[in-house]
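Here the protein sequences line up with chains A and S, keeping their order. The opening residue of the first sequence carries number 35 in this note's numbering; numbering runs sequentially from there. The opening residue of the second sequence carries number 35 in this note's numbering; numbering runs sequentially from there.
Mixed in with the good hints, there may be bad ones.
Stated by the list, open to error - Chain S regions said to be covered by chain A (calculated; three or more residues, Cβ under 8 Å):
hint: 1; segment: 62-70
hint: 2; segment: 76-88
hint: 3; segment: 91-104
Said to hold, decoys possible - Listed below are the simulated DSS-like cross-link pairs for lysine-lysine, each with C-alpha atoms no more than 30 Å apart in a straight line:
hint: 4; chain 1: S; residue 1: K122; chain 2: S; residue 2: K46
hint: 5; chain 1: S; residue 1: K77; chain 2: A; residue 2: K119
hint: 6; chain 1: S; residue 1: K135; chain 2: A; residue 2: K119
Read the hints as simulated data drawn from the structure, not as lab findings. Predicted, not measured: the structure shown is a model, and the values here were computed from it. The beta carbon of each residue, even a glycine, is placed where N, CA and C say it ideally should be.
Protein chains: 2
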Amino acid sequence: MKQIEPFAKTPKPPYYAVIFTSIKIDEDKGYAKMSEKMLDLLKVQEGFLGFESAREELGITVSYWENEESILKWKANIEHQEAQKLGKEVWYRSYKIRVAKVERDYEF
Amino acid sequence: MKQIEPFAKTPKPPYYAVIFTSIKIDEDKGYAKMSEKMLDLLKVQEGFLGFESAREELGITVSYWENEESILKWKANIEHQEAQKLGKEVWYRSYKIRVAKVERDYEF
Chain A
35 MKQIEPFAKT PKPPYYAVIF TSIKIDEDKG YAKMSEKMLD LLKVQEGFLG
85 FESAREELGI TVSYWENEES ILKWKANIEH QEAQKLGKEV WYRSYKIRVA
135 KVERDYEF
Chain S
35 MKQIEPFAKT PKPPYYAVIF TSIKIDEDKG YAKMSEKMLD LLKVQEGFLG
85 FESAREELGI TVSYWENEES ILKWKANIEH QEAQKLGKEV WYRSYKIRVA
135 KVERDYEF
């Protein structure tokens, strides 16, 4: 996934961050296409604030959310559920998800 | 920076995450050497739990901490202060830091 802006434009804290760390298989196997589809869906999700992503051996995607409820709704989204299933079955060797409340932020 | 393990071995939540998102200059200018030095320092910091890092256009480094106090101590560390100064003056075009409390996590 590619973000258009360098950093996600998040509001003043508090808000939520979902830190998704993953190891992918080398082959694409439909991953790029699904990523695009998920990104289109994400953009219209209630409470979605933006995301940041980078991958070397390890991939890190941090998505930002207004509150916990919006995170749970996204997790339960039917099309996202299908992507999660394929993620486990096909694309990811392993992943870790951490849900965190952003308490303060600053930039340079 | 390279992590040895794929994912940081963090304890059961709650604990803290510092999400550091950055845009670097293209040249190294001493960055790699300083990263190694900072990693050596980090490893012996009280309350440091581990980190995960990846860079494409955007760099994302997430470091994990036992509590807020340990984050503030690391921020105030003299050698780290020098690295922060050089970061602003030399290596980073811009960065954003978010301090967040990890409330729950799960993995696959």
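Do the hints match the structure? See the list:
1. 62-70: violated (count 0)
2. 76-88: Coverage by chain A holds here, the residue count being 3 at a Cβ distance below 8 Å.
3. 91-104: Check passed, 5 qualifying residues.
4. S:K122 - S:K46: Not OK: S:K122 and S:K46 at ~34 Å, beyond 30 Å, violated.
5. S:K77 - A:K119: violated (36 Å)
6. S:K135 - A:K119: Given that 30 Å is the threshold and the Cα spacing comes to 28 Å, the pair holds.
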